[in-house]
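Line by line, the protein sequences give chains V and L. The first sequence begins at -17 in this note's numbering and counts up by one. The second sequence begins at -17 in this note's numbering and counts up by one.
Where hints are given, some of them may not hold.
Repeated chains share a single entry, so a pair holds when one copy, or any two copies, can fit it.
[To be verified] Subject to a maximum C-alpha distance of 35 Å in a straight line, what follows is the list of computed DSBU-like cross-link-like pairs (lysine-lysine):
no., residue 1, residue 2
1, Lys7, Lys19
2, Lys176, Lys127
3, Lys176, Lys25
4, Lys25, Lys44
5, Lys19, Lys176
6, Lys127, Lys19
7, Lys7, Lys176
8, Lys44, Lys176
9, Lys44, Lys19
10, Lys25, Lys7
11, Lys44, Lys127
12, Lys7, Lys127
13, Lys25, Lys127
If you're looking for bench data, these hints aren't it; they were derived computationally from the structure.
Chain by chain, the residues:
2 protein chains.
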Amino acid sequence: MQVAILLFDGITALDAVGPYEVLSKRPLPTEIVFVGKEAGPKKADSGALTLMADASLSDVPKPDILLLPGGPGNRGLLADRELLDWIRQAHETSTWTTSVCTGALLLGAAGILNGLEATTHWLSLDQLSTYGARPVQRRVVELGKVITCAGVSAGIDMALVLAARIAGDEVAQRIQLAIEYDPQPPFDTGSPLKAPAEMVDRVRQRAAAALRSSAP
Amino acid sequence: MQVAILLFDGITALDAVGPYEVLSKRPLPTEIVFVGKEAGPKKADSGALTLMADASLSDVPKPDILLLPGGPGNRGLLADRELLDWIRQAHETSTWTTSVCTGALLLGAAGILNGLEATTHWLSLDQLSTYGARPVQRRVVELGKVITCAGVSAGIDMALVLAARIAGDEVAQRIQLAIEYDPQPPFDTGSPLKAPAEMVDRVRQRAAAALRSSAP
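With the rest of the complex left out, here is chain V (with noise of 0.2 Å):
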């Protein structure tokens, strides 16, 4: 069962490696591939960290599994043709279509979404609807075989649903055993329904300033 991540230049390193951790986990039938328009290195929307794609699209056509991470970098793909074919034309062999974090945004770019349920990263819930999708505040949004999940480290409880999918509950257990993934922040400020009102306005409003300050 092939798994295509897609990596770009200014992708959430955490988006792709979140899920990526769970679902190359033994025994399920996985195998992964980092894609990317060329192969070769990417960068991480910090600077600070490069990840390789091994494959270009070309030569993963028909993945299984098809998972786009988001992160500031895929804003300049959204238009990009030749992606949102590659995208369209993998989603109508896979057997799931998922995305992570602003990843939604790409498979709403491609028309996937068009009168779905779906979701994202809260910054981006309503840019969803500009693409025909019903946004929801929902941590994973399942609608037959199109998964979306929201922000960041979503991709990991995300990646649990899917392997419990794959190969059913109890391999998927067995995976969030092997990863101790027994989460215990140390705070309770993760969502916007969670964090104090200012506390969201504040970050909504550094995440504005920066998007205007890395416009062209």
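Put chain L on the given structure of chain V with help from the hints.
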């Protein structure tokens, strides 16, 4: 504030990328450097992901924060004199010396955990005592400037604790919100204290078999 994250062939990628994602976030005054014995590409334990080390040990002699990830590949490093010397020297001047998962074994082999409470992946807790550490099964163990944590995914929790030490609770809380770390695993089997005993035994047996089959 320079954060040196060690990379090596056979690393468990999430051990490094989880904390990286937290510690690279602004407004933390951090600069992350991925460092290897030699600079260059390092293949994660699955064989399917390559991360780049941009620096060699000698390039980063005095990091403010030392972060040692785990993974099966570090067993071959537990007697590596050059690496252990670097760890010891970095620890002399570091503000924090930290490990994720079996990265604690490297700290142990360097003599840094002697007499200290420390933790690691639950499968390797016993091994910690061979280095004079007092193993405890907790998510994050903070003893002055030495911070160790449990397996793989625990690095995210540890990094949030560290972010709070660096810049205060509110900054850490904002980072938690930015990475939407509101974990909702579909199961509750992420700790040997929570998973069924048969599942714990099974994962333990498979890990032992994998270790035997990879032994030289």
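Results for each hint:
1. Lys7 - Lys19: For Lys7 and Lys19, the Cα distance is within 35 Å both inside one copy (26 Å) and across copies (27 Å).
2. Lys176 - Lys127: both (30 Å within a copy, 31 Å between copies)
3. Lys176 - Lys25: within (32 Å within a copy, 38 Å between copies)
4. Lys25 - Lys44: both (25 Å within a copy, 25 Å between copies)
5. Lys19 - Lys176: Classified as neither: same-chain Cα gap 37 Å, cross-chain 42 Å, threshold 35 Å.
6. Lys127 - Lys19: within (24 Å within a copy, 43 Å between copies)
7. Lys7 - Lys176: both (32 Å within a copy, 20 Å between copies)
8. Lys44 - Lys176: neither (40 Å within a copy, 39 Å between copies)
9. Lys44 - Lys19: Close inside one copy (15 Å), not across copies (38 Å); limit 35 Å.
10. Lys25 - Lys7: both (25 Å within a copy, 15 Å between copies)
11. Lys44 - Lys127: within (15 Å within a copy, 49 Å between copies)
12. Lys7 - Lys127: Both: 21 Å inside a chain and 33 Å across chains, each within 35 Å.
13. Lys25 - Lys127: both (30 Å within a copy, 31 Å between copies)
Comparing the model with each earlier hint shows violations of hints 5, 8; every other hint is respected.
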